[in-house]
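Quick note on numbering: the numbering used here labels position 66 of the sequence shown as 60, and the sequence is numbered without any gaps.
There is no bait here: all hints are sound.
Simulated pairs of lysine to aspartate or glutamate, EDC-like, Cα-Cα distance not exceeding 16 Å: (1) Lys234 with Asp198; (2) Lys193 with Glu231; (3) Lys122 with Glu155; (4) Lys247 with Glu281; (5) Lys122 with Glu63; (6) Lys47 with Glu143; (7) Lys210 with Asp136; (8) Lys234 with Glu255; (9) Lys193 with Glu230; (10) Lys247 with Glu276; (11) Lys118 with Glu64; (12) Lys51 with Asp142.
Since the hints were derived computationally from the structure, they do not count as laboratory data.
Just so it is clear, the structure is predicted and the values come from calculations on it, not from any experiment.
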Amino acid sequence: MYISMKLNKLRLSVISAVIAAAAALCIIVPAFSESEASPAPVLHTIMYHGFTKNNAKQNSYMIDPSFLEEDLSYLRENGYTSVGINELAAYFDSGVPLPEKPVMLTFDDGYYSNYLYALPLLKKYGFKAVLSPIGRACEDADSEKKQDEFYSQCTTEQLREMFSSGVFEPACHSYDLHRLKNGIQGVQKRQDETETEYKRRLHDDIALFRRLLKEKTGAETVCFTYPFGAKSEETEEIVKEEGFRAAMDCEEKPTVLSSPEELYHIHRYLRPNGISAREFFEDKLAET
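Can you build the whole structure from these sequences, using the hints too?
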C-alpha cells in the first residue's frame, strides 16, 4: 500500500512537470516567433518609356534623358541596388536574399531611345533593368531606313544586343495587343468574346511574342507587362497558365513581397518629366 501511494505521487509529479513545461512552451513559442519574424521586403519599381532631348516633344512618357542619369546617380549614391524578375523569383524559390534597398527599373514599349540613351547610362552606373517591347512594333522597325529618338522602336537586332548585354531582362508587352480599340485596353476581354475565345487570342499573341523573342534575340521571358496596366477578371489566371512567373501593372504604390503571389502584382511609379530625382524619389521611396 505504502509503495503504491509513493508511485502514484511520483506519477502525479511527473505529469505536473510535463503540463508545466507544455504551458511554458505555449507562452514562449509565439513570443519567440513574433520577435524573430522579419518584415516582408518592400520593392519600389520605376516605370520609364522613352527619351528625347527635344523640349517641344517631351511629355509624361517621353522625358529628357538627363533625368534618367540624375535618377541613376541618386539611386547609387543612396545605396539602392537594382533587381530583376529572376532575383525576385530566386528569393521565393530558394531563399536567396534580396539587397537591403532593392529597386526595379522598367522600360515599356521598346523605344529606340532606350537603346540610344538608357543602355549606355545603365552600364555607366552599374544598374540592370527590365525591358518590355511590343513584338510587332519592333519587328516592323527592322524595315525602317532611319530611326528617330522620339517615335522609333528598337529593331530586333538592337533588342538582341540589349538582352545579351546582361543589362536588360526581357518581359512580354504583347506581340500586337498594345492597342486602344472600342473601349478595350490592350489585353482586356472583349464583350463579344467567350472565355475560350479570349484565352485563345491571348495564347496566340503570347506565342508569337515568345517565338519572335527567341528567334531574333535568343532570349526568353518569365514576366508579362500589362499594356496600359489593364486587365480583365480572367487575365491573371491566363498569364499564370502561360507559364509567367510575374506580371507588372501601372498601379503607383510599392510592392510588399509577402508571398510568391505578389509577383503577379508588381506595381510601378511612372517617372514624369520636369522634376528632380531627389524630389521624385524622396516622395516615392518613402512609401511603404
